[in-house]
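2 protein chains.
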Amino acid sequence: MKKYNLTIVVFLFSQFLFHAQKLRSPDGKLEMTFTITEGIPFYNLKYKGDLVIEDSKLGLRIFDDTYVHFASEQEKATDDNWDLNRGFIKLSDKRDEKNEEWQPILGEKKSYINHYNELSVTLHQSSSDRNMMIRFRLFNDGLGFRYEFPYQRNFEHFRIKEEDTEFDFPSDMKAWWIVADYDSQEYQPQTTLISEIPGRWNKAYDKHSSQTLVKNAVQSPLLLKKEGKNTLYVNVAEAAVLNYPASHLEVDAEHYKFKTHLTPNKLGIKAYLQTPSVTPWRTIIVSDQAAQILDSKLLFNLNEPTKYKDTSYIHPTKYMGVWWEMIIGKSKWAYSTNTSVNLNQTDFSKLSPNGKHGANNEKVKEYIDFASENGFDGLLIEGWNIGWEDWMGHDKEFVFDFITPYPDFDITMLNEYAHSKGIKLIMHHETSASATNYERWADEAFRLMNKYGYESVKTGYVGDIIPRSEHHYSQWTVNHYYRIAEKAHEYKIMVNSHESIRPGGESRTYPNWITAEAARGTEHEAFKGNNPDQQTILPFTRWIGGSMDYTPGIFQTKLDYYFPGDKRFVKTTLAKQLALYVVMYMPLQMAADLPENYRKHMDAFQFIKDVAADWDDTKILSAEPGDYVVTARKAKGTENWFVGGITDENKRDYTVDFSFLNKGQKYEATIYEDRKDADYINNPQNYNIYKKEITSKSKINFKMARSGGFAISIKPEN
Amino acid sequence: MKKYNLTIVVFLFSQFLFHAQKLRSPDGKLEMTFTITEGIPFYNLKYKGDLVIEDSKLGLRIFDDTYVHFASEQEKATDDNWDLNRGFIKLSDKRDEKNEEWQPILGEKKSYINHYNELSVTLHQSSSDRNMMIRFRLFNDGLGFRYEFPYQRNFEHFRIKEEDTEFDFPSDMKAWWIVADYDSQEYQPQTTLISEIPGRWNKAYDKHSSQTLVKNAVQSPLLLKKEGKNTLYVNVAEAAVLNYPASHLEVDAEHYKFKTHLTPNKLGIKAYLQTPSVTPWRTIIVSDQAAQILDSKLLFNLNEPTKYKDTSYIHPTKYMGVWWEMIIGKSKWAYSTNTSVNLNQTDFSKLSPNGKHGANNEKVKEYIDFASENGFDGLLIEGWNIGWEDWMGHDKEFVFDFITPYPDFDITMLNEYAHSKGIKLIMHHETSASATNYERWADEAFRLMNKYGYESVKTGYVGDIIPRSEHHYSQWTVNHYYRIAEKAHEYKIMVNSHESIRPGGESRTYPNWITAEAARGTEHEAFKGNNPDQQTILPFTRWIGGSMDYTPGIFQTKLDYYFPGDKRFVKTTLAKQLALYVVMYMPLQMAADLPENYRKHMDAFQFIKDVAADWDDTKILSAEPGDYVVTARKAKGTENWFVGGITDENKRDYTVDFSFLNKGQKYEATIYEDRKDADYINNPQNYNIYKKEITSKSKINFKMARSGGFAISIKPEN
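Line order of the protein sequences matches chains A and B.
When we follow full-length UniProt numbering, the leftmost residue of the first sequence carries the number 1, and every step to the right adds one.
When we follow full-length UniProt numbering, the leftmost residue of the second sequence carries the number 1, and every step to the right adds one.
With the rest of the complex left out, here is chain A (with noise of 0.2 Å):
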């Protein structure tokens, strides 16, 4: 080896002078430099000219595992002179490029570009002997880079004490943020100057259930803009968040700068590594139109293609829920009046019954009855199995069993009874974060799923992990959930997740999981509220990765509706409820009021109804981050088009131009739209609806309310 090593090293010191390595775009808008500067790895990002991204630190600090020898010694390697941040020489790069179209499984488009020219770097550092790579992937649309480990002799298992990759930029700017927690991302957006982050951060987040906040942290995807004469859009995010933690973002805000910080596990440990292997891919998106951030699938196309061979069983759903009742107190999760139960001892048929049980019969089948009268795929019913009593806070490992209905929930006889309506049933995995207790069940409870023709799963995690080393976003997490997918793809079974990790484009390798939450969703509504603008924010933020199930439709937006008195109420318009089924992808699509509101408003509910949940091509016609977002979606295999406009609290105009449209053709449109004095507050049911026939060269005004919107169905006439 040391003959080895001195050949290296003779061999650099010829290229020891200094010369970056450049990287350029395929549209040659963006540029990446790449330095080695006193032996640390630097990058740097500019666009159109202009650096979007200063010179910026690359490296990760890792400690060696601890070396065991069998019953008789262990040795700790000394932490020192592994960390992969210092003494690096280059010792070779390699150029590549690709340009093909792949088609998503579900998506917004029927088919996605993946464009890119690649630079990979292999560095050396001496004092380790060890090498690693760094791989660049430059777009038109953004940058994306990973760490990347070879298998070496003398480096085959290790730990990641912090990956260091720097975001600095050279002014400023403005910020859409979350503040950092490595157990929830149900927070509410926040917005400022970079500079001003720390001074909002104390004031940023409310108490969940299980939480563990990272000072002065906020969370990825972080939008940013940068205002002004040369606007400009950065989205910064990872994809294919995969063996490894998610990431969060220090703000340096004295220097615009941010630095990744891993999820560890509570021993303080990030990552259990071992080579070769490779970090996820941290992204920069960057445009000067806000619209074309919204249009990126940077993150997919990072991602690998799926390995599944059979894919035939996911498909776009729409659903209801026995659900809001719940969520704002109406019905209970609970059968029965205890607070404590036993799975291995509790006799739940002789229990009292609390007499507000949401998963009953005859409720369920009232649910049945309306959603396939409307023409929904599924129904979703939380709370039909046993051990909701004190599901949650005690860190109880055994605290559900995925198979036992409770006694008025007939499984069977629900299930045949949905099946002779054209529903699927779907199934609710709560796990309470008990996630050792899930792997024990999963293969039991998927073979129940089957059983009853369930198609697809709404899994959660509430409370603080089990495992009680982890949080809900440390690597052994991380592995699970894809676990659960792997197992789920098994039993062919689609996946909508809950409080688990934020999408970085995996389902484009794990397709069936179709959808999660990893977001503060409308179910905030009726616990501290979610701001006007914040589904003005999600779309640039959250959905980069991967669609959320947002659970939008209500229609019944005041609370006092069913408490008297009670103040809480969701901050929307109804048509902003409708028009919020074309701004959000969502695949898996719920229409989450009760039964009984929708009734009341079956002309508005005809949206819903009508509205597509998979598309072969999208358009965002217009978007500002925090302000309003105007999309249209063209359904799949027709040619049918929606479109939605929201704004946040403040009223707005809009004009829709029509020219996406096929010229030459008319087309009835559906109008749903504020009517005047529509207000989120003080008139939130106040809509108009009337049919238009338009064509390519149309152009509608719309006055949205504060928090209101519009809602288009466009449908070619004969």
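If you are wondering where the hints come from, they were derived from the structure by calculation, not from laboratory data.
There may be inaccurate statements among the hints.
[To be verified] Cross-link-like lysine to any residue pairs, in silico, SDA-like; alpha carbons within 25 Å at most:
1. LYS307(B) to TRP441(A)
2. LYS363(B) to PHE398(B)
3. LYS332(B) to ARG153(A)
4. LYS356(A) to ARG153(B)
[Said to hold, decoys possible] Incomplete in silico selection of chain B near chain A, CB under 8 Å:
5. TYR272
6. THR339
7. SER340
8. ASN342
9. LYS396
10. THR436
11. ARG440
12. ARG468
[Claimed, not checked] One side of the interface only, derived from the structure: several residues of chain A facing chain B at Cβ under 10 Å:
13. TYR151
14. HIS157
15. THR275
16. SER340
17. ASN342
18. GLU397
19. ASP401
20. ARG440
21. PRO467
Cβ atoms here follow ideal geometry from the backbone N, Cα and C, with glycine treated the same way.
Let chain A serve as the given structure and place chain B on it in line with the hints.
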């Protein structure tokens, strides 16, 4: 509630006058006194009128769990006021008694006697408005007591911070102990006074593959001896350690006092409990005869009878193993020269064999041949499955799959070959302490065993436990072990568990858990060595709660036989190795040495072939911990007896009195003894074998060499 409390308080004032509760053993020799002094519960224990344990505190510290309200608020219960160690008044007490005989499925006697008087005291703590019960059972051979937490509406879920049960001895005593550790029990036994424990503690451990030492604490079972006039032996242990961590004993050397110290998880929580629940039993076995300590079945009596319906598959097993040659370094568990593999990716058939893989077809067939020729039931093969290249010390979760053999291990052929010769292969499931991974694979692994006809499995937990929050003896991991026992039972498989929790009589409830390691076994002779007195101590400590897989039978004690110049040796004469088969109760009984070594001593090997592994009766003829043990046992269903005697590092004369034999019956005894000049260092293989006719009136004197012994096989003559 307020009103009700008042009633209790008034009622209790009438009882407030101090009066002690006394409980006597059925034979009257032991007397336990329970008192409450200034709200604190105490017990003491007398033997024949003298205090064995002085007034000692009872109680636990707890915290309530964190109450979490759904996704909106969380509220930590303040920790004060919940501790169950003060402010008590007695609410009620109840007495009971039992005298029954029960038959162990495998055991040292045909039946065990469970005879006790019981006192259960219900205590009320007004500050928390909660009740706790303490249940005492006083047997002729000792005391057991535990805490019980009845269901109460205001006491449902809680966590144990610490259990503070005290054992306060009136005077300094000799103690046989090992250092306390959350992850290893494989320490050299120490013999000191209680007062000397802290001084010795730092010198009492070597390094282990996973260890978390507890400063100045010792493990239980702990043996104590009061020397001098009223000699007394006391064993302090625990029974029925289920859904609870194993406990250690903190030492107050100045006051000759011990206090329980529970194994925490890495968050510092000792147990997560839900009412109704109970703690393990704290046990104190007392006798003025050392032999009677060995005879006690108190720990088993305190466990529940098994609920298994079918136990027909549980049987004693004599086995050999492809094992010792790996332990000493002659062969390897791993197949290839690689030091890093990935079970999802590595093609093991393409790796370079290291040429020393033990579990290869040819070698296994040779072992099968030898085991079959000599009447064994089973053959353990370690290193049969892929993954051993980097199995240890890397915190690797997916380290084994338990189903894929190495390329040179033909599982079908070898099982067929073994079965054709009357041998069952014994499965090996080394988990590398990755318990989560083992749980994932357990069903498939046990199905594979059923498919190929394996009847038993040796499990192993070398290294740090995964989930990484856990220790080997923390509550989660304890639950894991019994989960595996129950899973194995589903597949009618017997378990021999290594590096797991030490047994506390739980094999009564889980009879397929037929043996365990949980102490320093023969393998350590190939590491740092065992002291010659170790085997005279273990029956008093490790064996009190269940059998150990000590793996005796090493005839070639000097490792320089394999590796010239190697100083390691097994510290025993050959005759002592034979005696261990009687002194040590082992229903799963290994002949651990290589066939080639037995072939050189087939005359001595005959004893190992003949000796039984399950018994109708056991007589401890004489014993003194740390010095010698002489045991006679009657083989199950026969009139054959076996006697074994062992000594420590000192030569010792012992005369066996055969009065335990049937009167009037003539027997043929085959005697295996140290020959003159035998010596564990200088001449270990120097033995003498002869036959002799004996009756119940016979006496035979034995001269045991240093670390020597004798073994006798006795058959009635016709």
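Which numbered hints turn out to be false for this structure?
2 and 19
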